[in-house]
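Peer 1: One-letter residues, chain by chain:
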Amino acid sequence: MDLAYTTEENSFREEVRKFLQENLSTRLSQKVKLGNRLNKKDMTEWHETLNAKGWLAVNWPKQYGGTGWSAVQKHIFDEECWAAGAPRTVPFGLNMLAPVLMKFGSEEQKAHYLPRILDGTDWWCQGYSEPGAGSDLASLRTSAVREGDHYIVNGQKTWTTLGQYADWIFCLVRTSTEGKRQEGISFLLIDMNTPGVTVRPIILIDGEHEVNEIFFDNVKVPVANLVGEENKGWTYAKYLLTHERTGTANIGNSNAALVKLKQIASEQKKAGKPLSDDPYFAARMAKVEIDLNALKTTNLRILVEADSGAAAGPESSMLKVKGTIIRQELNDLARRALGPYALPFSSEAMEEGYNEEPIGPDYANAIAAKYFNNRKMSIYAGSNEIQREIITKTKLGL
Amino acid sequence: MDFTLNDDRRMLSETLERFLADNYDIEKRHGFAMQEDGFSSDMWQQFAELGIIGAMFDEASGGFGGEGADLMVVFEALGKHLVIEPFLATLLGGTVLSQVDGHKALLEGAISGEAFLALAHGEPSSRYELSTVTTKAKQSADNWEISGDKSVVLGGGSATHLIVSARTSGDADDEAGISCFLVEKTDNVVIRNYSTLDGYGAAEISFEKAKGILIGKEDKGFDLIETAYAAGITAISSEALGTMTVATDLTVEYTKQRKQFGVPIGKFQALQHRMADMLIELEQLRSSIINAAGNLKSERNLREREASGCKYLVGTIGRQIAEESIQIHGGMGMTWEYAVGHFAKHIIMIDHVFGDTDHHLERYIALGRK
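Chains V and F, in that order, give the protein sequences. In case it helps, the numbering used here puts the first sequence at residues 91 to 488. In case it helps, the numbering used here puts the second sequence at residues 5 to 374.
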């Protein structure tokens, strides 16, 4: 047992830090740190910066243009990126579709799509959830009916994050209604520019346009866009859900949020003294810090084990549940730390180039909105209740 | 970064687990508790022969372990069987002795199972504060004389050698000015021996001009004690993890057997999700123990912060596991006859050893400001 980073890992951290200092613009990091709105250009800019360095596809093996990093390196990179205020990379192509293509896609599909994910040609979004298929994903009804060299797709997907920017969508579609529900699902790649595809925004409670509904009306999709075998899509989707574990625990994200919380609590005053000196508030901050400190080690234990070839298991469910509880607690504390200045909110102030005097401290505007935005965390990617179901089935044997 | 056990520790773990599985079920444990010393001297000798006592100390001290990971392995296994022999008292006393010169023979005696050590530090009004010592030591012509009261001394009744903290200078709450002494049990030492709620031996001890031999340097005893307590926290946290694991396992098993409304109660989602949360928290606790154990040799502030963070989680997670285990068992969890209640009692009582949840949260915050 050894908790220390190796000399190589420490110098890797230095290298990452130096890269971030030199290549992450203050403009971008300020936006991230203040919780302001990132547009497509911002996200693309950071995507290209990382790709130019060869540090974009941290989870990919080298042969496909990835970094081939160890679990600990990925963890270090994640921590440093969040600490520096780098935008997070858009995960749909990089971390969700790509592993599925590498494992189950044809050679043609790999050769065609993977480089286009790296160079940013294709922006991908995810077509899983439907109005009637949320936690019960296998009840999805969007249908793909084979007609010659094409599937004809009809139906509706929802909660499609950043679908308004997407060129392509990877979808779970129903290709059979026979047998078990899970056995009639296929994994299909659909060009968003195909006639019959319509994107409609869903505005969330913080006023942001982050997710969308996607409608498919007799959309013709070439059979060549099927990944793997017909009716095996459920297996591929499950692989995807357990494959990508680096970010599940939100360690880097929560680290950065804790740093920011401490800063706010030291600047906000209660009875003339810093709020961080208040025993009750200090206790709440300490509790979440202790939890995060433990989860950091849980995360590393699981990642290091995965590096040595252990199969993906219910551990990612544990990381998801605890990681989102911690992140949301940090949102709650940040909101409370502001006191009355959690109340004022200006959507315009979240835009770049906003020049008016802030109401209250400059970091205050986005805090309460972010609290609401992050309520999504315990709902998405398999709600925390679904994660507990997975633990019940796999670990408790009930 | 390496979270695996090396071969020696894996063997230690397997040896101990097998020995306990064969020799230490709950009924036997109840029997051992009824013996004169409050534990089984025979078992203690066997633990010594298996090298389990020596695993708590490094080679320089006559043992063959002494790392945080060794403590984790040993105490997690002990916790799974609610072992009542005086491992913790031996660890505390032995860790004090291992930091100074001149007491190697006594420590070797403890490792071989002949000598019994206890650290008499806490006092009736010190609560959990490590630096609060009012017991006095006065230098006489050829010796030190110790006077004062010590409370809830783990293993104090069965100890052959007492290691006693006493004030040699400074005020009652000062870290400086505390010294450690080796005290023999003479007429000047009055011991009231008892068993704790969860079945472990402890004692109230009064000293009236009892003769003491100085351990280490005068006025420098605090560091010795704090270091021993840091090891103690790693140990008892690991023990708690073992006990909590069994309580959780018993609970999950029970829900598979117990039927109500025509189905095993484990089919009810209201119970399933609570048990899933128990598993999640056990992983959190294991990680926190790894952090404490892995930093036992780190600089003081880091070591103590990790220890306090860990002990805080032992208290909060422990309460969750103990209460849920009883609740999910229903009435059976309340009975003496069924095992889970004994595990729950030990989990909760551990919160009162070396400082509870509130104490360690406050301490964690204070250390963070330094």
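The set of hints was computed from the structure by calculation and includes no laboratory data. One or more hints might be untrue.
[What the hints assert, rightly or not] Heads up, simulated DSSO-like pairs for lysine-lysine below, C-alpha to C-alpha not over 27 Å straight-line:
#1 V:Lys483 - F:Lys271
#2 V:Lys485 - F:Lys301
#3 V:Lys328 - F:Lys271
#4 F:Lys301 - V:Lys386
#5 V:Lys483 - F:Lys263
#6 F:Lys142 - F:Lys108
#7 F:Lys374 - V:Lys360
#8 V:Lys350 - F:Lys374
#9 V:Lys121 - V:Lys152
#10 F:Lys374 - V:Lys352
#11 F:Lys260 - V:Lys363
#12 F:Lys215 - V:Lys485
#13 F:Lys215 - F:Lys142
#14 V:Lys121 - V:Lys359
#15 V:Lys359 - F:Lys374
#16 V:Lys485 - F:Lys271
#17 V:Lys123 - V:Lys164
#18 F:Lys260 - V:Lys485
#19 F:Lys142 - F:Lys221
#20 F:Lys215 - V:Lys483
#21 V:Lys485 - V:Lys328
#22 V:Lys328 - V:Lys123
#23 V:Lys270 - F:Lys374
#24 V:Lys386 - F:Lys374
Quick caveat, the model's predicted, so the values are computed rather than measured.
Peer 1: Decide, hint by hint, whether the structure agrees.
Peer 2: Hints, verified against the model:
1. V:Lys483 - F:Lys271: Satisfied, since the Cα-Cα distance of roughly 11 Å is no more than 27 Å.
2. V:Lys485 - F:Lys301: violated (35 Å)
3. V:Lys328 - F:Lys271: Roughly 24 Å between the alpha carbons, so the hint for Lys328 (chain V) and Lys271 (chain F) holds.
4. F:Lys301 - V:Lys386: holds (20 Å)
5. V:Lys483 - F:Lys263: holds (19 Å)
6. F:Lys142 - F:Lys108: holds (25 Å)
7. F:Lys374 - V:Lys360: holds (21 Å)
8. V:Lys350 - F:Lys374: Given pair Lys350 (chain V), Lys374 (chain F) holds - Cα atoms ~20 Å apart, limit 27 Å.
9. V:Lys121 - V:Lys152: It is violated: about 32 Å lies between the C-alpha atoms, which goes past 27 Å.
10. F:Lys374 - V:Lys352: holds (15 Å)
11. F:Lys260 - V:Lys363: violated (54 Å)
12. F:Lys215 - V:Lys485: Violated, at roughly 57 Å.
13. F:Lys215 - F:Lys142: holds (10 Å)
14. V:Lys121 - V:Lys359: Since the Cα atoms of Lys121 (chain V) and Lys359 (chain V) sit roughly 25 Å apart, the hinted pair holds (cutoff 27 Å).
15. V:Lys359 - F:Lys374: Cα-Cα ~21 Å, so holds.
16. V:Lys485 - F:Lys271: holds (14 Å)
17. V:Lys123 - V:Lys164: holds (21 Å)
18. F:Lys260 - V:Lys485: holds (13 Å)
19. F:Lys142 - F:Lys221: holds (15 Å)
20. F:Lys215 - V:Lys483: violated (62 Å)
21. V:Lys485 - V:Lys328: Holds, because 17 Å separates the two Cα atoms, which is no more than 27 Å.
22. V:Lys328 - V:Lys123: violated (34 Å)
23. V:Lys270 - F:Lys374: Roughly 61 Å separates the two Cα atoms, so the pair is violated.
24. V:Lys386 - F:Lys374: holds (23 Å)
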